[in-house]
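Undergrad: Listed below are the residues making up each chain.
Protein chains: 2
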Amino acid sequence: MSESSGASSVIALDAMGGEHMPQAAIDGALQAVDEGIEVVLVGDADRLEAELSRRGVSLRVHHAGDVIGMDDHAGDVRRRRDASVMVGMRLVKEAQAGACISLGHSGATMAAALLHLGRIPGVDRPAILASLPVQDGGFAALLDVGANAECRPNYLQQFAIMGSVYAASFLGRPNPTVGLLSIGEEPHKGTELVREAHALLAATPSIRFHGNIEGKDITRGTTDVIVTDGFTGNVVLKLAEGEARTIFSWIRDALSSGLRNRLGGLLIRPALREVAKLLDPAEYGAQPLLGVDGYAFIGHGSADARAVASALRTAGKAMRNKVVEKIRSGVASLAAAPPVSS
Amino acid sequence: MSESSGASSVIALDAMGGEHMPQAAIDGALQAVDEGIEVVLVGDADRLEAELSRRGVSLRVHHAGDVIGMDDHAGDVRRRRDASVMVGMRLVKEAQAGACISLGHSGATMAAALLHLGRIPGVDRPAILASLPVQDGGFAALLDVGANAECRPNYLQQFAIMGSVYAASFLGRPNPTVGLLSIGEEPHKGTELVREAHALLAATPSIRFHGNIEGKDITRGTTDVIVTDGFTGNVVLKLAEGEARTIFSWIRDALSSGLRNRLGGLLIRPALREVAKLLDPAEYGAQPLLGVDGYAFIGHGSADARAVASALRTAGKAMRNKVVEKIRSGVASLAAAPPVSS
Numbered sequence: 504m505s506e507s508s509g510a511s512s513v514i515a516l517d518a519m520g521g522e523h524m525p526q527a528a529i530d531g532a533l534q535a536v537d538e539g540i541e542v543v544l545v546g547d548a549d550r551l552e553a554e555l556s557r558r559g560v561s562l563r564v565h566h567a568g569d570v571i572g573m574d575d576h577a578g579d580v581r582r583r584r585d586a587s588v589m590v591g592m593r594l595v596k597e598a599q600a601g602a603c604i605s606l607g608h609s610g611a612t613m614a615a616a617l618l619h620l621g622r623i624p625g626v627d628r629p630a631i632l633a634s635l636p637v638q639d640g641g642f643a644a645l646l647d648v649g650a651n652a653e654c655r656p657n658y659l660q661q662f663a664i665m666g667s668v669y670a671a672s673f674l675g676r677p678n679p680t681v682g683l684l685s686i687g688e689e690p691h692k693g694t695e696l697v698r699e700a701h702a703l704l705a706a707t708p709s710i711r712f713h714g715n716i717e718g719k720d721i722t723r724g725t726t727d728v729i730v731t732d733g734f735t736g737n738v739v740l741k742l743a744e745g746e747a748r749t750i751f752s753w754i755r756d757a758l759s760s761g762l763r764n765r766l767g768g769l770l771i772r773p774a775l776r777e778v779a780k781l782l783d784p785a786e787y788g789a790q791p792l793l794g795v796d797g798y799a800f801i802g803h804g805s806a807d808a809r810a811v812a813s814a815l816r817t818a819g820k821a822m823r824n825k826v827v828e829k830i831r832s833g834v835a836s837l838a839a840a841p842p843v844s845s
Numbered sequence: 504m505s506e507s508s509g510a511s512s513v514i515a516l517d518a519m520g521g522e523h524m525p526q527a528a529i530d531g532a533l534q535a536v537d538e539g540i541e542v543v544l545v546g547d548a549d550r551l552e553a554e555l556s557r558r559g560v561s562l563r564v565h566h567a568g569d570v571i572g573m574d575d576h577a578g579d580v581r582r583r584r585d586a587s588v589m590v591g592m593r594l595v596k597e598a599q600a601g602a603c604i605s606l607g608h609s610g611a612t613m614a615a616a617l618l619h620l621g622r623i624p625g626v627d628r629p630a631i632l633a634s635l636p637v638q639d640g641g642f643a644a645l646l647d648v649g650a651n652a653e654c655r656p657n658y659l660q661q662f663a664i665m666g667s668v669y670a671a672s673f674l675g676r677p678n679p680t681v682g683l684l685s686i687g688e689e690p691h692k693g694t695e696l697v698r699e700a701h702a703l704l705a706a707t708p709s710i711r712f713h714g715n716i717e718g719k720d721i722t723r724g725t726t727d728v729i730v731t732d733g734f735t736g737n738v739v740l741k742l743a744e745g746e747a748r749t750i751f752s753w754i755r756d757a758l759s760s761g762l763r764n765r766l767g768g769l770l771i772r773p774a775l776r777e778v779a780k781l782l783d784p785a786e787y788g789a790q791p792l793l794g795v796d797g798y799a800f801i802g803h804g805s806a807d808a809r810a811v812a813s814a815l816r817t818a819g820k821a822m823r824n825k826v827v828e829k830i831r832s833g834v835a836s837l838a839a840a841p842p843v844s845s
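Residue numbers (the working numbering), protein chains in the order written: chain A, 504 to 845; chain B, 504 to 845.
Rather than coming from a laboratory, the hints here were simulated on the basis of the structure.
Among the hints, a few may not be true.
Since the list can't tell identical chains apart, any single copy or any two copies may satisfy a pair.
[Unchecked claim] Subject to a maximum C-alpha distance of 35 Å in a straight line, what follows is the list of computed DSBU-like cross-link-like pairs (lysine-lysine):
#1 Lys820 <-> Lys596
#2 Lys780 <-> Lys829
#3 Lys719 <-> Lys825
#4 Lys596 <-> Lys692
#5 Lys692 <-> Lys820
Isolated chain A (complex conformation) (with noise of 0.2 Å):
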């Protein structure tokens, strides 16, 4: 694994894949290049370099060839090793970069970090974590939020061991409690599932068990992590940074009608702005992709230049923040433990 083989600080940014590429990438790599973060652009060189050198700029680039189209299948990846997003995995495989991003399609993205970079021992599917705004003004970890849509009890129980993790050593989140998504608190209520899971999580030493929480609880931050199964997790985070918009659009509207709303609009309108900033995705630019054994990230597919700096910026906190070997460590626990149920 890339880790072992000499960690490379350079993360592999896919500048092929997503609605804004090349220009985005390039225009973000430069602002993270700018405050030290070595990234190197995977992708169409000829046309990379000319883009660059029209903007007379200069930046790190490793061809790739082929491109994974957003309605493209996830499953051509294996057959597209010239893709620009398995080209990135494969320089972390082989050490010449630590961690790769793509803010193209997310199953190839994910299909080609697992052809790659393998799972670590002990993790049966990898998630994808979302950073979700609470309350307090932090971060809640919510996991998985789609890689995988029907999840068994002891894939929930590893993700809480990751989700813990990352809430720990990425979302300064301390000894982090752990929460089972439901719809009701008590451990019989929900599905089979989640009523399985329950019993799996609470014989679980190395987390931090609060118990089922509601959908009421999340953005209250009742929990510092969230499990729950893909399916119920993508529609969380869709809705959660949806509702978002649609709520601002309201309060636009509010202050667009009559004087005395105009009035007090243009006095808050930096506060609302500073607001509105908690719950925008592209304040974190990207997701981990949690169990693929190496540092890969998943963005929005419409990300803009700010969304790529900050996926940058995220990456390189979760290598300097030992995030996959510390991941490695609680898995490993886990399978010294004798498992209570599967």
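Since chain A is already given, all that's left is putting chain B on it; use the hints.
TA: Chain B in isolation, oriented as in the chain A frame:
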């Protein structure tokens, strides 16, 4: 059934179940009665009469000697025939009332409704429908929000028909579109349940099936009806309510720091209050149990007088719009068509 044996326009209100009872029931009922709605309070007659005479007001009371507490088991309902929610539903069955509302134990309310009113022929599982505020200022019909944690594809088909009737006849959404909540627009995305339900909905001529929608579409109002299993729907509803509270608490905090923000906040307070009202569950007060063969409604256990009055208005409007009768015909038309799969 109640409707055929002489429709009563009286609403039986469980005045005991819930956190702020019986005060909230009395205050809410007094508001509704002022608006011409006929209400009978169901509960401990001595206590209710004492409370009414203390205030020097008068309301119809029907005695019920027992009440299901919020921590009781829904399964206990069957043998607690004198519980207020059981007596209320019995009044509907006996055509002494046209509808019953409880703001107490949800599971017990559903159980009591099923025991006394039964299911509409062709409905496998009744669902709880929530009216969710959407971008354009109206509401989308979301179901199921908690009656059935685990669902089969044909339940979702029935939810689609019942939700369409409700959206058209109650929410003012003529010829409503139906979205199936998933984690991608493509029919192959999601869980096995979603994929099978997609095929079934696409083959249901009596609904206007839009296809799969995602979490971000919920508050955007992409479709008028959103069908999902009761686990996902419950998480969605509670997250939507919780996130609105979180965002408004952030805004309140932001507007209390600094002279400029405090002044701006003062100016826009009325406008913001109007926006917050859009998201306040107390605005609609109660959610219908669709598929039950009669008018039955569940409200928040924390309902205050305003929520009770809204619930009474909601029940009255549903009866006037003959929602149950229309669902009966809608489901019958489904039974008449040959099933594609189950």
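Undergrad: Now tell me, hint by hint, if it's right for this structure.
TA: These are the hints, each one checked on the structure:
1. Taking the shortest alpha-carbon separations for Lys820 and Lys596, only the intra-copy value of 19 Å comes in at or below 35 Å, while the best inter-copy value is 64 Å.
2. When the C-alpha separation of Lys780 and Lys829 is checked against a cutoff of 35 Å, the pair qualifies only within one copy, where the shortest distance is 30 Å, while the shortest distance between copies is 46 Å.
3. Proximity of Lys719 to Lys825 under the C-alpha cut-off of 35 Å is found in both arrangements, the shortest distances being 32 Å within a copy and 33 Å between copies.
4. In this assembly of identical chains, Lys596 and Lys692 lie within 35 Å of each other by CA distance solely across copies; the values are 30 Å between and 43 Å within a copy.
5. Taking the shortest Cα distances, Lys692 and Lys820 sit within 35 Å of each other only across copies (33 Å), while inside one copy they are farther apart (38 Å).
Comparing the model with each earlier hint shows no violations; every hint is respected.
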